[in-house]
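Trainee: Now for the letters of each chain:
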Amino acid sequence: MDGEVVLSTQALAKHYGRVRAVDGIDLEVRRGEVYGFLGRNGAGKTTTIRMLLGLIRPTAGAVRVFGRPIGHNQEWLRRVGFLVESATAYPNLTVRENLDLQRRLTGAPVSSVAEWIGRLGLGPYADRRAGRLSLGNKQRLSLARALLHAPEVLILDEPANALDPAGIVEVRELLRGLAAEGVTVFMSSHILAEVAHLADRIGIVHAGRLLEEAPRDVLASRAREYVRDAFTQSEREEALLTADLERYFLARTSAEVAR
Amino acid sequence: MMAQVVAAEFLKLKRSVVPWVTLGVMLLAPCGIALFMWIVQHPETAATLGLLGTKANLAGLEATWPAFSGYLAMVAGGGGLGLLGFVLAYLFGREYADGTAKNMLALPVGRHWFVLGKLTVALVWWAVLAVAVAAEGLLLGWVLDLPDRTPGAMALAVGTTLLAAGISFLVVPLTAWVTVATRSALGAVAFAFGTLLLGDLLGHTGWAEWTPWSIVLLAAEDATMLTWASVAVLVATFVVGTMVTILQLEYADNP
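Line by line, the protein sequences give chains A and B.
Mapped onto our numbering, the consecutive letters of the first sequence carry residue numbers 1 to 259.
Mapped onto our numbering, the consecutive letters of the second sequence carry residue numbers 260 to 514.
Wrong hints could be hidden among the right ones.
Unchecked claim - Label-pair distances were calculated between CB atoms; the ranges are:
{"no.": "1", "chain 1": "B", "residue 1": "H463", "chain 2": "A", "residue 2": "R78", "range": "52 to 58 Å"}
{"no.": "2", "chain 1": "B", "residue 1": "D459", "chain 2": "A", "residue 2": "G123", "range": "52 to 58 Å"}
{"no.": "3", "chain 1": "A", "residue 1": "S86", "chain 2": "B", "residue 2": "T441", "range": "46 to 52 Å"}
{"no.": "4", "chain 1": "B", "residue 1": "W469", "chain 2": "A", "residue 2": "A162", "range": "49 to 55 Å"}
{"no.": "5", "chain 1": "B", "residue 1": "A449", "chain 2": "A", "residue 2": "N41", "range": "29 to 35 Å"}
{"no.": "6", "chain 1": "B", "residue 1": "H463", "chain 2": "A", "residue 2": "R20", "range": "49 to 55 Å"}
{"no.": "7", "chain 1": "B", "residue 1": "D481", "chain 2": "A", "residue 2": "R20", "range": "54 to 60 Å"}
{"no.": "8", "chain 1": "B", "residue 1": "D481", "chain 2": "A", "residue 2": "P69", "range": "22 to 28 Å"}
{"no.": "9", "chain 1": "A", "residue 1": "P165", "chain 2": "B", "residue 2": "C290", "range": "23 to 29 Å"}
{"no.": "10", "chain 1": "A", "residue 1": "R78", "chain 2": "B", "residue 2": "D481", "range": "50 to 56 Å"}
{"no.": "11", "chain 1": "B", "residue 1": "C290", "chain 2": "A", "residue 2": "A60", "range": "37 to 43 Å"}
Stated by the list, open to error - A short, non-exhaustive set of chain A residues, derived as facing chain B with CB atoms under 7 Å:
{"no.": "12", "residue": "V84"}
{"no.": "13", "residue": "T88"}
{"no.": "14", "residue": "N92"}
{"no.": "15", "residue": "L241"}
{"no.": "16", "residue": "L245"}
In short, the hints are calculated from the structure, not lab data.
Glycine included, C-beta positions come from ideal geometry on N, C-alpha and C.
Use the sequences and the hints to build the structure in full.
Mentor: Structure follows, in structure tokens:
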């Protein structure tokens, strides 16, 4: 994919004593691209994202955003929206107040609060305290917070966490729409299906290292080859049946939500 | 940017019960002092109270305006080390407890603004508590009709209470640093009350003039103990405490 590199890391590493949480990761994410950062729990995804946002300092290597190394001047974060790990908010403030607080500090327009409350289906909960929201709605609130100031780049750590199937579909559609508008998305997940639907390119991270990186279609054909060689016909049929059941379940529950 | 950050920090306190709890705790202290003053004023009635009366007599309390005003100042000074430390631990520590620290630190706002914004909120919060204690003290002293009540003595009571409260604010940024360094309010509260104890202990030694926490307690007891050297120590403590808190957020790993 061509285009300006908006997010990159060079030999990025983070060591905690002898533990190499991230061990020399090179990444390049281009404008308008959706990059899926796939790995098991503990693979180094969240540590990488924390370094991308300047929350923790790399042991070695560098992070560049919009072509510049990130530093103590946090102005570049005005162009970045993020969601790190679990959804969090000020529990004593309502959904609207949490977003208003974010709006004041990011310089987003006043209208953005109502806009994102509506777009993420938080209308019925707008005046409910964040501490009393379900996990799924807290996640929606965190997504709204990330999107409030119309960022050019979204860095999302497990964005579908705690969402129900219908919520996952909604978020997927939302991110697809944002990507179509030219927003660059860097999203991590430990669930292949979550990134497979969205990502243009997928990087597989394990034990702090980038094992493989390829466009989604290339990775999919490698996966098909591997499955054909490594599994029996009945195992493949079983997997297809599970996938079909999952699609059916999503379709049924989405229809109920719509009704 | 400071105005937005301070407004945001005040908004974070909305519906929080903690400011009311601290107000309640602070307002209890003058009531306790007034109760002892009343017992000393009425020894016959105090005798019927048993141990409480005996203890009050053993403490050698005087039921006078200067004595009452001295205790008020001790509430403001000692309270500053303990309760204001708790306030700082709450303002900084809740970001870690609620998991919002990462959201705050990755905003397009210099991290030093959050330190300065939270200190500003703490200053306003503490000023309200100190003024409330001084006002309550004046009211209780008037109700008790303590001897030596002159306009000058009353003004001195208010002045020393506010002075003690003011100088205690200068030492608490170190508590903010302990909170962000340990990412926990609990350790910071322990630190705040530990420094209160340390200040009291070192106040009896030759180091008192150079130990910030002792200076606060000594100045609350007798404002003339506040020398220029002591003021310099307090100001240096404030600057160092604020700077290390900012540097911790700027350079250390954050959640």
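Trainee: Taking 54 to 60 Å as the stated bounds, is the beta-carbon spacing between B:D481 and A:R20 within them?
Mentor: Taking Cβ atoms as reference, B:D481 and A:R20 lie about 59 Å apart, which means the hint holds.
Trainee: With a cut-off of 7 Å, does the beta carbon of A:V84 approach a beta carbon of chain B closely enough for the hint to hold?
Mentor: 5 Å, holds
Trainee: Minimum Cβ distance from A:T88 to chain B below 7 Å?
Mentor: 4 Å, holds
Trainee: Between A:P165 and B:C290, is the Cβ distance one that fits in 23 to 29 Å?
Mentor: Hint violated: Cβ distance 58 Å, outside 23 to 29 Å.
Trainee: Just to be sure I understand the hint, the distance between the Cβ atoms of B:D459 and A:G123 should be within 52 to 58 Å; is that true here?
Mentor: 56 Å, holds
Trainee: A closest beta-carbon separation below 7 Å is what the hint needs, so does A:N92 meet it against chain B?
Mentor: Constraint on A:N92 satisfied, holds at 4 Å.
Trainee: Would you check whether A:L241 satisfies its interface hint, that is, whether its CB is within less than 7 Å of any CB in chain B?
Mentor: 39 Å, violated
Trainee: Taking 22 to 28 Å as the hint, is the beta-carbon distance of B:D481 and A:P69 inside that range?
Mentor: 55 Å, violated
Trainee: A range of 29 to 35 Å was offered for this pair. Does it hold for the Cβ distance of B:A449 and A:N41?
Mentor: Holds: the Cβ-Cβ distance is about 34 Å, inside 29 to 35 Å.
Trainee: For the pair B:H463 and A:R20, does the Cβ-Cβ distance stay inside 49 to 55 Å?
Mentor: 52 Å, holds
Trainee: With 49 to 55 Å as the target window, see if B:W469 and A:A162 comply at their CB atoms.
Mentor: 54 Å, holds
Trainee: Looking only at beta-carbon atoms, does the pair A:R78, B:D481 fall within the given range of 50 to 56 Å?
Mentor: Distance hint for A:R78, B:D481 holds at roughly 52 Å.
Taken one by one, the earlier hints fail for this structure at numbers 3, 8, 9, 11, 15, 16, listed in ascending order.
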